[in-house]
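**Q** Heads up: the sequence shown begins at 82 in the numbering used here, then just goes up one per residue.
Wrong hints could be hidden among the right ones.
Claimed, not checked - Restraint-style ranges between C-beta atoms, simulated for each label pair:
| hint | residue 1 | residue 2 | range |
| --- | --- | --- | --- |
| 1 | Ser-112 | Ala-150 | 18 to 24 Å |
| 2 | Ser-98 | Thr-171 | 19 to 25 Å |
| 3 | Ser-103 | Ser-187 | 27 to 33 Å |
| 4 | Gly-180 | Ala-152 | 35 to 41 Å |
| 5 | Asp-151 | Ile-127 | 15 to 21 Å |
| 6 | Ala-153 | Ala-97 | 18 to 24 Å |
| 7 | Val-156 | Ser-98 | 33 to 39 Å |
| 8 | Ala-95 | Gly-180 | 20 to 26 Å |
| 9 | Glu-132 | Phe-99 | 20 to 26 Å |
FYI, nobody ran anything at the bench for these hints, they're computed from the structure.
All values reported here derive from a predicted model rather than from experimental measurement.
Every residue, glycine too, gets a C-beta built ideally from N, C-alpha and C.
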Amino acid sequence: AVPSISGPSGLGPAPASFDFVSRVYVPYGLSATDLAFGMGAAEQIIYDATERYAYAVSEQGVLNVVDYADAAAPVVVTSLAVDLRGAVATDVEICPERGLLLVSVSGEVLNIRTAR
C-alpha cells in the first residue's frame, strides 16, 4: 500500500512511522567499487515503479541504475550505468508512458543514445 502524506491540500494523515526495508550504496563512478562519502553519488534520484528501477545521477557524471525487483535486496546494475563524460548531472526524471529517461547536466548539451 502507498502511504498517504498529509499536506496543504489535506491528502490524509501523515505516516506515524517508517519501517527500514533495505539499504544500497550507489557508486559515484562506473565501477561498483567506486564508493565514498561526499562524492555526490546520488545527487538526484528517481524511482520507476513500473520497471522497479531507481536511477541516480552523480556529480562525477555517471547515471547509475538500481534494481528494486526485490526491495529487501536492491542491486546496483553496473552493466546499465551510463558515462555522461564528466558532465555534472543536476536532475533526472522519467516518462514511463514514452519510455524516456531524462537527465539534465550543467555546462553542455550531450547526445547519448543507448540501446534499450
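**Q** All hints are to be evaluated individually against the structure, with a verdict given for each.
**A** Hint by hint, here is what the structure shows:
1. For Ser-112 and Ala-150, the hinted distance range of 18 to 24 Å is satisfied, since their beta carbons lie about 22 Å from each other.
2. A C-beta distance of roughly 33 Å is found between Ser-98 and Thr-171, which places it outside the suggested range of 19 to 25 Å.
3. Taking 27 to 33 Å as the suggested C-beta distance range, the pair Ser-103 and Ser-187 conforms, at roughly 31 Å.
4. Between Gly-180 and Ala-152 the CB atoms are about 23 Å apart, so this pair departs from the stated range of 35 to 41 Å.
5. For the hinted restraint 15 to 21 Å between Asp-151 and Ile-127, the CB-CB distance of approximately 19 Å keeps it satisfied.
6. At roughly 22 Å, the beta carbons of Ala-153 and Ala-97 sit within the given window of 18 to 24 Å.
7. For Val-156 paired with Ser-98, a C-beta distance near 27 Å fails the hint of 33 to 39 Å.
8. Between Ala-95 and Gly-180 the beta carbon distance is about 34 Å. The supplied range of 20 to 26 Å is therefore violated.
9. Between Glu-132 and Phe-99 the Cβ separation comes to about 23 Å, which falls inside the hinted range of 20 to 26 Å.
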